[in-house]
Amino acid sequence: MKAWLPSLLRLALVVLLIAFVTNPGWFEPLLKPLTENNAPAIYNQGSLLTLTLLHLRTVLIATVAATIVAVALAILVTRPAGAEFLPLSRSLVNIGQTFPPVAVLALAVPAVGFGEKPTLIALFLYGLLPIFENALTGLTTLPGNVMEAARGAGMTGWQRLIKVELPLSAPIILGGIRLSVVISLATATIGSTVAAKTLGEVIIAGLLSNNLAFVLQGGLIVAALAVLIYDGLSAIERYTARRMGQETGE
Amino acid sequence: MIEIEGITKRYDATTVVDDVSMVIEPRTVCVIVGTSGSGKTTLLRMINRLVEPTAGVIKLDGNDNRSLPGYELRRSIGYAIQGHGLFPHRTVAQNIATVPVLLGWDKDRIKARVDELMTLYQLDPQAYGPRYPHELSGGQQQRVGVARALAAEPNVLLMDEPFGALDPIIRTKAQEDLLAIQKRFGTTIILVTHDMEEAVHMGDKIAVMDAGKLVQYAKPEEILARPASAFVETLVGASEKPFRLLSLGRVRDAVEKGTAEGEAIPGDASQRDALAELLWSGRPALPVKGDDGKPLGRVTVDGLVKRAARPA
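Chains as they are written, first to last, in the working numbering: chain A, 1 to 250; chain B, 1 to 312.
Keep in mind that the hints were calculated from the coordinates and are not lab data. Fair warning: there could be bad hints in the mix.
DSS-like mimics (lysine-lysine), calculated; alpha carbons at most 27 Å apart, straight line [what the hints assert, rightly or not]: (1) Lys-59/B - Lys-205/B; (2) Lys-289/B - Lys-257/B; (3) Lys-173/B - Lys-294/B; (4) Lys-163/A - Lys-111/B; (5) Lys-107/B - Lys-163/A; (6) Lys-241/B - Lys-306/B.
Non-contacting residues of chain A with respect to chain B, defined by C-beta distances greater than 12 Å in every case (computed) [stated by the list, open to error]: (7) Val-21; (8) Asn-23; (9) Leu-31; (10) Thr-35; (11) Glu-36; (12) Val-69; (13) Ala-72; (14) Val-102; (15) Leu-105; (16) Leu-107; (17) Met-147; (18) Thr-193; (19) Ala-195.
Not the full set, but computed from the structure, chain B residues with beta-carbon under 10 Å of chain A [to be verified]: (20) Asn-48; (21) Glu-72; (22) Leu-73; (23) Arg-74; (24) Ile-77; (25) Gly-78; (26) Gln-82; (27) Val-99; (28) Gln-126; (29) Tyr-128; (30) Ala-152; (31) Arg-226.
C-beta atoms are modelled at their ideal positions from N, C-alpha and C, and glycine is treated no differently.
Make the full structure from the sequences, and use the hints.
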């Protein structure tokens with residue numbers, strides 16, 4: 001396969017996605033055959049662009065919060081003083097993952113009301129585990145002689161963390177964030193069951209009115225976003241790994 | 001001067017270093033040699049307090065090494081380890097500048113020092129400074145590791161098997177470079193190794209450790225001539241002793257009057273090399289030349305063989 005082909009495919013996908021969310025009308029003839037009884041082929045209860053941006057915003061906020069908490073937790077339990085909290089924090093984060101997001105939504109709504117908030121809570125809890133696990137792996141598998149040299153050079157614990165441990169584990173932590181983002185992108189659609197403004201709204205509207213075109217366009221936009229973001233974060237990860245002097249084997 | 005007084009390190013029931021006392025004179029090279037598990041690395045790591053002793057005191061120029069916080073103490077002591085431990089995400093220049101940056105030197109002073117050390121270690125600062133460690137050969141990485149340890153002009157340099165990962169040819173060169181730099185800066189070096197050859201070659205004094213105890217601490221000649229125990233004897237290698245003794249002496253010190261045929265050997269070469277050359281070429285004598293190329297005299301097989309005998 002030619003080296004430029006993947007880049008070309010990515011570019012085509014970006015162009016297609018932007019065209020679709022900004023001018024969905026252009027694609028009406030394509031989706032029309034999927035509708036029945038002269039139903040609309042393009043979502044007409046709100047702008048697709050706005051929904052896409054709100055969807056991304058929800059995922060972004062939840063991921064940033066999950067990253068901060070998960071990385072802070074991983075740092076804490078890999079310090080000598082926090083080592084005894086390692087099993088506890090592991091099980092806490094695991095519970096966050098085993099709880100179905102729908103159940104979190106159901107429990108959160110009475111507490112914080114309908115809208116974006118319960119969705120953020122569900123995504124946050126769901127996103128913690130991959131980031132925490134990866135941060136833990138990164139921080140506990142640092143090369144021993146490099147850490148020895150950092151101590152021997154007279155770095156304080158804080159300096160070792162900032163100057164050596166975090167930069168060297170950055171590629172692995174980024175891998176966790178990437179997984180978390182992709183899970184959140186898909187899971188966020190469920191948030192629309194509790195009135196969060198996400199692309200799930202389009203899918204749910206399609207299911208309620210038996211309109212396959214709505215379901216498909218909602219699903220496709222989410223899928224395209226996931227593929228592109230996964231790809232982009234992978235590239236950043238590879239770049240960081242190279243910067244950290246690690247061979248990626250590619 | 002480094003005074004180690006009654007240093008003991010215990011982990012639960014096991015005693016790793018057992019009541020070791022020794023004095024290391026300033027501007028000398030002290031080699032600690034022993035088998036693995038003898039406690040030699042632990043002893044070294046207690047000098048810069050990477051390991052805290054269970055009992056005993058270590059004084060650096062008269063000051064207890066616990067009078068400073070550990071990290072400040074370590075910034076004043078050079079530390080080089082096996083497999084160099086270079087920071088893979090930092091350039092060669094940034095690696096060397098590690099301790100000066102921690103000490104808050106200004107930029108110009110750091111750059112001048114980094115350039116000086118790189119030049120000293122035959123690495124062009126322009127070409128190698130911006131590279132990353134994984135772009136260097138093993139020998140170059142090792143040199144950068146030592147340069148990093150020397151960057152903040154420490155009086156004391158601790159080295160834990162610094163040449164362990166190098167192939168024999170690069171290793172000899174690295175040892176020569178280190179001795180040259182030690183002479184230039186007057187650094188006190190404490191080097192840990194399991195290689196008696198390296199110990200005899202590098203050390204002004206050798207400390208032999210066995211099972212946590214300091215078995216013998218003496219000049220190399222003394223260790224070779226009068227090993228304190230059967231363990232030291234084994235470590236020295238009975239069949240190697242005469243050759244190790246010869247390797248300590250320079251050809252210029254064994255010169256006799258007279259002339260000989262053939263290629264001259266430089267006065268700086270070791271007596272062991274001279275004997276090897278004589279035996280290999282089947283000649284009874286070799287001419288010796290000084291640094292300026294002028295003939296100094298000759299060395300003979302008989303003369304060298306006498307020198308290889310056990311000292312009185």
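Each hint tested on the structure:
1. Between Lys-59/B and Lys-205/B, the direct Cα distance comes to roughly 19 Å. Compliance with the 27 Å bound is thereby established for this hinted pair.
2. Restraint check for Lys-289/B and Lys-257/B: the C-alpha separation of about 12 Å stays at or below 27 Å, so the hint holds.
3. Of the supplied pair hints, the one linking Lys-173/B and Lys-294/B holds, its CA atoms being roughly 26 Å apart against a limit of 27 Å.
4. For the hint linking Lys-163/A to Lys-111/B, the alpha-carbon distance of about 20 Å falls within 27 Å, and the restraint holds.
5. At most 27 Å may separate the alpha-carbon atoms for a hinted pair to count; Lys-107/B and Lys-163/A meet this at roughly 18 Å.
6. This hinted pair checks out: Lys-241/B and Lys-306/B have alpha carbons roughly 14 Å apart, not beyond 27 Å.
7. The Cβ of Val-21/A sits about 39 Å from the closest Cβ of chain B, beyond the 12 Å cut-off, so the non-interface label holds.
8. With a closest Cβ-Cβ approach of about 45 Å to chain B, Asn-23/A is found to remain outside the 12 Å limit, as its non-interface label requires.
9. With a minimum CB-CB distance of about 49 Å to chain B, Leu-31/A clears the 12 Å threshold, and the non-interface call stands.
10. With a least beta-carbon separation of about 55 Å from chain B, Thr-35/A lies farther than 12 Å from that chain, consistent with its non-interface assignment.
11. Every beta carbon of chain B lies more than 12 Å from that of Glu-36/A, the smallest distance being close to 59 Å; the non-interface claim holds.
12. No Cβ of chain B approaches the Cβ of Val-69/A within 12 Å, the least distance being about 25 Å, so the stated non-interface status holds.
13. Annotated as non-interface, Ala-72/A keeps its C-beta farther than 12 Å from every C-beta of chain B; the closest such distance is 22 Å.
14. For Val-102/A, the non-interface assignment is confirmed: its Cβ lies about 42 Å from the closest Cβ of chain B, beyond the 12 Å cut-off.
15. Chain B leaves Leu-105/A outside its interface by the beta-carbon criterion, the shortest separation being 41 Å against a cut-off of 12 Å.
16. Even its closest Cβ contact with chain B, about 43 Å, leaves Leu-107/A beyond 12 Å, as expected for a residue assigned away from the interface.
17. Consistency note on Met-147/A: stated as away from chain B, yet its beta-carbon is not over 12 Å from all of that chain's, at 8 Å minimum.
18. Every CB of chain B lies more than 12 Å from the CB of Thr-193/A, the least distance being 45 Å, so the non-interface label holds.
19. No beta-carbon of chain B is positioned within 12 Å of the beta-carbon of Ala-195/A; the least distance is around 46 Å.
20. Annotation: interface hint on Asn-48/B holds; nearest CB of chain A at approximately 7 Å, less than 10 Å.
21. With a cut of 10 Å, the hint placing Glu-72/B at the interface with chain A holds, because the nearest CB-to-CB distance is about 7 Å.
22. A hinted interface residue such as Leu-73/B counts as satisfied when its beta carbon comes closer than 10 Å to some beta carbon of chain A; here the least separation is about 7 Å, so the hint holds.
23. At its closest, the beta carbon of Arg-74/B sits 4 Å from a beta carbon of chain A; the interface hint therefore holds under the 10 Å criterion.
24. Nearest Cβ of chain A to the Cβ of Ile-77/B: about 8 Å, under the 10 Å cut. The hint holds.
25. Below 10 Å, beta-carbon pairs count as interface contacts, and Gly-78/B has one with chain A at about 9 Å; its hint therefore holds.
26. Taken as an interface hint, Gln-82/B checks out: its beta carbon lies about 7 Å from the nearest beta carbon of chain A, inside 10 Å.
27. At its closest, the beta carbon of Val-99/B sits 5 Å from a beta carbon of chain A; the interface hint therefore holds under the 10 Å criterion.
28. Restraint check, Gln-126/B versus chain A: the minimum CB separation of about 21 Å is more than 10 Å; hint violated.
29. Given hint, Tyr-128/B at the interface with chain A, is violated; its Cβ is 15 Å from that chain's nearest Cβ, farther than 10 Å.
30. At about 9 Å, the closest approach between the beta carbon of Ala-152/B and any beta carbon in chain A falls short of 10 Å, and the interface hint on this residue holds.
31. The beta carbon of Arg-226/B comes no nearer than 35 Å to any beta carbon in chain A, farther than 10 Å, and the hint placing it at the interface is violated.
Of the numbered hints stated above, those contradicted by the structure are hints 17, 28, 29 and 31, listed in ascending order.
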